[in-house]
Amino acid sequence: MPYTWRFDVVIENLPVLLQGLWMTCVLTVLSMVIGLVVGLAIALLRLSDWRILRVPATVFTELFRTTPLLVQVVWIFTVIPLLTGVLLSPFFSGLLALGLNVAAFMSEIYRTGIQSVDRGQRHAAQALGMTSMQTMRRVVLPQAVMRMVPPMAAMWVALFKDTSILATIGVVELMYQARFLASDTFRPLEIFTVVAVIYFILAYPQSLVVNRLYERFRVRE
Amino acid sequence: MSEPILRVVDLHKSFGSLAVLHGIDLEVQRGEVIVLIGPSGSGKSSFLRCLNRLEEPTAGRIFLDGVEVTGASVNLPLVRRQMGMVFQHLNLFPHLTAIENVMEGPRTVLGLTKAEARERASALLAKVHLADKAETKPVALSGGQQQRVAIARALAMDPKVMLFDEVTSALDPELVGEVLTVMKQLADEGMTMLVVTHEMSFGRRVAHRVLMFDQGKVIEEGPPERVFQQAAHERTRRFLQQLTWEGQAT
Amino acid sequence: MPDNAPIWKFEVVTQNLSYLLAGLEMTLLLAVVSMVLGVLLGLLVAAARLSRFLLIRAIAGFYVDVWRSTPFLAQILWVFFALPIVTGFRISAFAAGIICLSCHASAYLAEVFRAGILSISGGQRHAALALGMTRFQAAYRIVLPQALTRMLPAIGSQSINLVKESALVSVINLQELMWYAQSLAGFTMRSIEILTAAALIYAALTYPQALLVNYLHRKYVVQS
Numbered sequence: 208m209p210y211t212w213r214f215d216v217v218i219e220n221l222p223v224l225l226q227g228l229w230m231t232c233v234l235t236v237l238s239m240v241i242g243l244v245v246g247l248a249i250a251l252l253r254l255s256d257w258r259i260l261r262v263p264a265t266v267f268t269e270l271f272r273t274t275p276l277l278v279q280v281v282w283i284f285t286v287i288p289l290l291t292g293v294l295l296s297p298f299f300s301g302l303l304a305l306g307l308n309v310a311a312f313m314s315e316i317y318r319t320g321i322q323s324v325d326r327g328q329r330h331a332a333q334a335l336g337m338t339s340m341q342t343m344r345r346v347v348l349p350q351a352v353m354r355m356v357p358p359m360a361a362m363w364v365a366l367f368k369d370t371s372i373l374a375t376i377g378v379v380e381l382m383y384q385a386r387f388l389a390s391d392t393f394r395p396l397e398i399f400t401v402v403a404v405i406y407f408i409l410a411y412p413q414s415l416v417v418n419r420l421y422e423r424f425r426v427r428e
Numbered sequence: 004m005s006e007p008i009l010r011v012v013d014l015h016k017s018f019g020s021l022a023v024l025h026g027i028d029l030e031v032q033r034g035e036v037i038v039l040i041g042p043s044g045s046g047k048s049s050f051l052r053c054l055n056r057l058e059e060p061t062a063g064r065i066f067l068d069g070v071e072v073t074g075a076s077v078n079l080p081l082v083r084r085q086m087g088m089v090f091q092h093l094n095l096f097p098h099l100t101a102i103e104n105v106m107e108g109p110r111t112v113l114g115l116t117k118a119e120a121r122e123r124a125s126a127l128l129a130k131v132h133l134a135d136k137a138e139t140k141p142v143a144l145s146g147g148q149q150q151r152v153a154i155a156r157a158l159a160m161d162p163k164v165m166l167f168d169e170v171t172s173a174l175d176p177e178l179v180g181e182v183l184t185v186m187k188q189l190a191d192e193g194m195t196m197l198v199v200t201h202e203m204s205f206g207r208r209v210a211h212r213v214l215m216f217d218q219g220k221v222i223e224e225g226p227p228e229r230v231f232q233q234a235a236h237e238r239t240r241r242f243l244q245q246l247t248w249e250g251q252a253t
Numbered sequence: 031m032p033d034n035a036p037i038w039k040f041e042v043v044t045q046n047l048s049y050l051l052a053g054l055e056m057t058l059l060l061a062v063v064s065m066v067l068g069v070l071l072g073l074l075v076a077a078a079r080l081s082r083f084l085l086i087r088a089i090a091g092f093y094v095d096v097w098r099s100t101p102f103l104a105q106i107l108w109v110f111f112a113l114p115i116v117t118g119f120r121i122s123a124f125a126a127g128i129i130c131l132s133c134h135a136s137a138y139l140a141e142v143f144r145a146g147i148l149s150i151s152g153g154q155r156h157a158a159l160a161l162g163m164t165r166f167q168a169a170y171r172i173v174l175p176q177a178l179t180r181m182l183p184a185i186g187s188q189s190i191n192l193v194k195e196s197a198l199v200s201v202i203n204l205q206e207l208m209w210y211a212q213s214l215a216g217f218t219m220r221s222i223e224i225l226t227a228a229a230l231i232y233a234a235l236t237y238p239q240a241l242l243v244n245y246l247h248r249k250y251v252v253q254s
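Going line by line, the protein sequences match chains F, P and X.
Our numbering numbers the first residue of the first sequence as 208 and each following residue consecutively.
Our numbering numbers the first residue of the second sequence as 4 and each following residue consecutively.
Our numbering numbers the first residue of the third sequence as 31 and each following residue consecutively.
All the given hints hold, so there is nothing to weed out.
Label pairs and their in silico Cβ distance ranges:
#1 Tyr170/X <-> Lys117/P: 14 to 22 Å
#2 Ala143/P <-> Leu73/X: 28 to 36 Å
#3 Leu73/X <-> Glu138/P: 30 to 38 Å
#4 Phe424/F <-> Ala77/X: 24 to 32 Å
#5 Gly118/X <-> Leu290/F: 44 to 52 Å
#6 Thr139/P <-> Leu73/X: 27 to 35 Å
#7 Thr184/P <-> Gln350/F: 42 to 50 Å
#8 Met353/F <-> Lys187/P: 49 to 57 Å
#9 Leu58/X <-> Gln226/F: 36 to 44 Å
#10 Phe92/X <-> Ala143/P: 44 to 52 Å
#11 Lys117/P <-> Leu348/F: 50 to 58 Å
#12 Leu241/X <-> Phe18/P: 43 to 51 Å
#13 Val12/P <-> Ala77/X: 31 to 39 Å
#14 Leu58/X <-> Val262/F: 27 to 35 Å
In case anyone wonders, no lab produced these hints; they're calculated from the structure.
Quantities reported herein were computed from a predicted structural model and do not represent experimental measurements.
For each residue, glycine too, the CB sits at the ideal point set by N, CA and C.
Start from the sequences, fold in the hints, and give me the full structure.
Pasting the structure below:
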């Protein structure tokens with residue numbers, strides 16, 4: 208018997224999916240902001256002259272880069288309340304896990320960006336009598352930013368997709384709604400297909416932008 | 004006169020709407036050295052690349068040693084191994100040593116054993132005066148040395164014809180001489196050669212015939228003395244003057 | 031500190047080590063098999079993306095974009111729950127896991143291979159063809175060996191990602207490390223120790239690879 212597609216089920220439940228999509232977008236934006244800010248702080252710690260600052264920052268980065276995001280999400284959701292006695296909602300623990308995960312990757316982007324600026328540039332600035340702060344702000348960072356933008360944009364796209372993992376701890380975003388509807392309507396084929404298409408339609412143009420950025424900011428040497 | 008080793012009949016080549024060769028005819032005798040000159044973009048390099056079909060001719064026929072090499076059913080690898088080619092850009096295989104570069108063709112294409120290929124390659128490296136650089140990787144060789152290895156690499160296939168595509172134009176001036184010396188030595192041994200070059204001294208001393216290319220056509224053809232001293236064509240005279248002037252300027 | 035401050039009891043980890051190791055075994059199996067299949071499939075897709083025929087290029091491009099522009103979780107749920115409805119065949123969680131991880135990896139690897147191959151100048155290919163090599167010989171004797179050293183770090187990164195992504199197949203009840211960790215955490219009521227142990231096991235799997243990637247990057251990419 209050929210399968211009868213029932214897309215009306217999807218259309219009926221579209222508001223539920225859109226509500227999830229909204230949460231997906233909120234999560235992406237908020238964790239990106241956390242990642243950008245915390246990531247910069249960690250990058251600066253890692254570039255510090257003091258070992259006592261460098262080592263914890265390095266351990267933090269490596270832990271978040273070497274373990275699966277799912278493990279981080281579940282760990283923060285389950286373990287933090289046990290350790291601190293503070294109950295976190297799925298939303299806040301999910302946001303915390305995603306934000307810190309992004310921060311770890313961001314710190315690497317900041318760090319390699321800063322280190323990629325030719326040492327001669329730093330020397331030239333110092334020869335002009337600039338302080339190390341001025342050198343960083345006026346000479347190094349403007350050049351480093353060009354190299355950081357493309358990987359950061361790529362990070363953004365990855366983050367958009369990764370928010371789906373928060374469904375596993377009950378954050379009501381797009382993927383959560385999809386799993387809920389799939390079992391609620393007994394129509395997993397239609398629901399999962401439409402949700403995959405939604406992710407694709409949103410993520411694919413972003414990845415095209417990322418490609419353009421890589422071409423545009425390719426370091427000309 | 005015997006059957007020419009290479010015969011080209013009405014060769015055309017265009018890239019889309021841009022025609023780069025308009026009907027070239029040429030017969031090359033065994034042992035003949037032909038030098039192709041002309042301004043850049045005149046089609047001489049494309050002509051060379053059409054001969055071993057690295058570029059596909061749009062129309063026309065090519066015969067190597069009496070056998071047609073144009074047409075869809077031709078075994079291209081078989082054709083190409085009979086025509087050695089050396090390029091302008093230094094493109095030795097960077098992951099292989101000098102001797103491995105020379106052995107690569109005999110090993111993969113001719114199916115020689117490692118020992119046979121090594122023996123052949125050693126002899127050829129000695130011939131281009133690089134026996135002592137056999138185990139060196141290309142990055143550690145000068146441009147002139149790299150081009151001499153490239154010549155040995157092409158000779159290792161025992162080709163019937165050698166094609167040289169501006170092999171000295173990417174080299175520092177002081178390295179040009181050593182490469183031209185090897186090429187002259189090869190010509191003296193009777194190798195059939197087609198040489199695209201801007202080195203007029205080489206043309207004067209080694210060529211049997213000089214072909215002047217302009218806008219996809221051969222506009223002047225003859226022994227070097229005649230082409231260089233009393234060119235029939237105004238374009239040729241101007242081109243040669245320009246070269247000498249540039250030569251004096253640098 | 032809250033009143034019910036936990037006392038870390040790591041013996042719960044050693045007591046249940048056999049379960050975690052069983053999970054680890056499955057994680058490794060998934061990662062290794064999917065990596066091998068991903069490399070083979072990735073080479074095929076990369077070749078298709080470099081094809082002379084527009085249609086083949088377009089199909090391969092679409093394949094890569096679909097796997098790269100949707101979340102892995104959506105992929106695994108689709109393959110496990112939706113694909114059987116389309117094909118009429120039920121598949122095991124293991125098969126779904128392998129299919130998803132391999133295809134996912136192959137899409138990323140295809141891009142790595144393509145970029146690596148394109149980074150080798152056309153002159154190298156021409157030089158090989160001029161020696162009389164076939165297109166295939168030129169590709170596998172001259173272009174690929176050079177491209178490979180440049181691609182090694184990126185291939186290593188993909189292998190790390192694969193280990194990390196594999197944790198997500200626990201959502202379809204495939205019994206790998208994360209599945210055992212979550213089950214044990216609930217069963218023993220010692221989620222702190224169990225989940226921390228699981229995280230450390232993952233780190234132990236991927237960190238050496240990360241060091242290797244850094245080493246390869248310095249050796250092959252930065253130098254050239």
